[in-house]
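Asker: The residues making up each chain are set out below.
2 protein chains.
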Amino acid sequence: MSKFVNDPKQFVPEMLKGIALANPDALRYVPAYNLIMRADAPSDDKVSIIQGSGSGHEPAHVMVVGKGMLDAACPGDVFSAPPVDYVYETTKLLKSEKGVLYLVNNYTGDRLAFEMAAEMAEADGIRVRTLVIDDDVAVSGSTHTVGRRGVAGNFFVMKAVGAAAECGDDLDALVALGARVNGVTRTMGVALSSCTPPAKGAPLFQIAADEMEVGIGIHGEPGRRRAKQVTANEVVSLLLDAVVSDLPFQAGDRVALMINGLGGTPIGELYVLYGAAHEQLASQGIQVARSYVGEYCTSLEMAGASLTLVRLDDELMDLLLAPAEIPYRVF
Amino acid sequence: MSKFVNDPKQFVPEMLKGIALANPDALRYVPAYNLIMRADAPSDDKVSIIQGSGSGHEPAHVMVVGKGMLDAACPGDVFSAPPVDYVYETTKLLKSEKGVLYLVNNYTGDRLAFEMAAEMAEADGIRVRTLVIDDDVAVSGSTHTVGRRGVAGNFFVMKAVGAAAECGDDLDALVALGARVNGVTRTMGVALSSCTPPAKGAPLFQIAADEMEVGIGIHGEPGRRRAKQVTANEVVSLLLDAVVSDLPFQAGDRVALMINGLGGTPIGELYVLYGAAHEQLASQGIQVARSYVGEYCTSLEMAGASLTLVRLDDELMDLLLAPAEIPYRVF
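Read top to bottom, the protein sequences are chains X and R. Counting in my numbering, the first sequence runs from 1 upward without gaps. Counting in my numbering, the second sequence runs from 1 upward without gaps.
Watch out, some of these pointers could steer you wrong.
No copy is singled out in the list; a pair is fine if it fits within one copy or between any two copies.
[Claimed, not checked] Each computed DSSO-like pair below joins lysine-lysine, with the alpha-carbon atoms no more than 30 Å apart:
(1) Lys92 / Lys228
(2) Lys9 / Lys46
(3) Lys9 / Lys228
(4) Lys95 / Lys17
(5) Lys228 / Lys95
(6) Lys46 / Lys228
(7) Lys9 / Lys98
(8) Lys92 / Lys46
(9) Lys67 / Lys200
(10) Lys200 / Lys46
(11) Lys228 / Lys200
(12) Lys200 / Lys95
(13) Lys200 / Lys98
(14) Lys98 / Lys228
(15) Lys92 / Lys200
(16) Lys67 / Lys228
(17) Lys200 / Lys17
(18) Lys228 / Lys17
By construction, these hints were calculated from the structure, which means they are not laboratory data. Given the structure is predicted, the values throughout are model-derived calculations rather than measurements.
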């Protein structure tokens, strides 16, 4: 299987234990609920922000817990929604006078878990609101989803509401802000290989060495079409065609551009894509004012990348520039 | 080939262009010499620090250029030393009254390029000193090397001398500091797969799906032995056995621990390795006081990881904690 694992069924707990051991001061780990939370959370002066999803997308979301981003993440197993009780127990531990905000990528399993947990928490008197993220333009529904999928663009929602929450914004304001960011964020990805969940022990799907899946989902769900591989410039063109036309982004727009690696693609290739995207956008009169290149929302060791555009305004730019203290540090 | 490339021969320049476009304020790119330099360098108040190597190891070293780390990097093609004239021209552009420090990982090609460039620069009246890094305990010589190889442990040397240079330390002091850090830094890696340089278009070496190369070099050079894959805990044991016994690290030592991904290994697996290493070290009485988990010195999309230990003292810890502003940001 060519993986660093012990018992594949223990992959997620062992990963979470490693994250906790590497960040003993900043993070608290509650093994019973796969829970990684800020050591200094919750605070009644601040809305608590919780994101859950399947594992296998690291650094999303367990490595994005910290001041200015998430207060907690409670992942499920690889590519599986967290159990309802994980979300419920996490919510109780993160209870705040100002309320709890759930950020949920739009997958049926995740939505159900968070909806049921919200009902249980509200019965306990905890005020909860949920923001669903659906930035992926590739398909309007798929194996795991009714409506569009939520993918790497969720980082912009997390960062914006995380920064605003630090400034004391209330729950309704954060929901409105997050919805506004989601509304100007669009993503599409492409895969050059499959990936192998540890407990499955076999590739999620089959793809020939010279093929690519255009519009891939982050759990290997089919995209728009299977095609022969093309050059980096052509990959960028087809991603931009889909993403730009969807909002649509227009000449004069100032944007953030993210090239997100899906796990198995070298950083150098991500920068080749970035350079092509930056120049193709410039030729359309769209100015990249902030850039993100690296791994944000991965699919284990899948070779591939996604491209996200966010239409910026001054308020959103300030929120993106606000400090964040997360374990996914560099050096 | 399952890569995002255009003309494979243009892979490195296109990557560098992308890095420059993503960091227009912080970095300056000089295409003629593959040169990425701090936009505000050089300064006569500070030693200029230059690192060169082959490409394909990103973020090393072109993404580690910035305040508190490198002043410039001038990489060669993938897994190839930079040409002498790239190093020489880079040196002239980074000339400082306080001198120029070369950081060179111990490979024959890199050493030759930097030695010849140093002679040329000194003939121009530029004061140059060179620090060779050789942290890899796996082999005492290999395909590309006389003596030990320099691998991911070079990040600790870069960080320490980079921080000290910002404080105004002179060239001789930086060389002494760098040698001291190199002297307490030990690394060994393991590969689960090969990788494919774009211009070669074929894997560097062959390895069966159930095998691993213990002590792999970052250019795919052979290590100590080829073996059947084992569990993550056992991988950590064999890496620690080699690394700990080499210095040797001892009960009571306070260390930095780096788990470096070689490019194709998911972050989650790196944290599984980290957790195991942290606990195995604790059981030997060795305390991890600072941790690094992620991609630092890669081999394109190779699946694998290396483990680095650094014996810390108060001075070195302060240098590691000093701020650095490099493009390899998170969010």
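Asker: Run through the hints listed earlier and report the numbers of any the structure violates, in increasing order.
Answerer: 1, 2, 5, 6, 7, 9, 10, 12, 13, 14, 15 and 16
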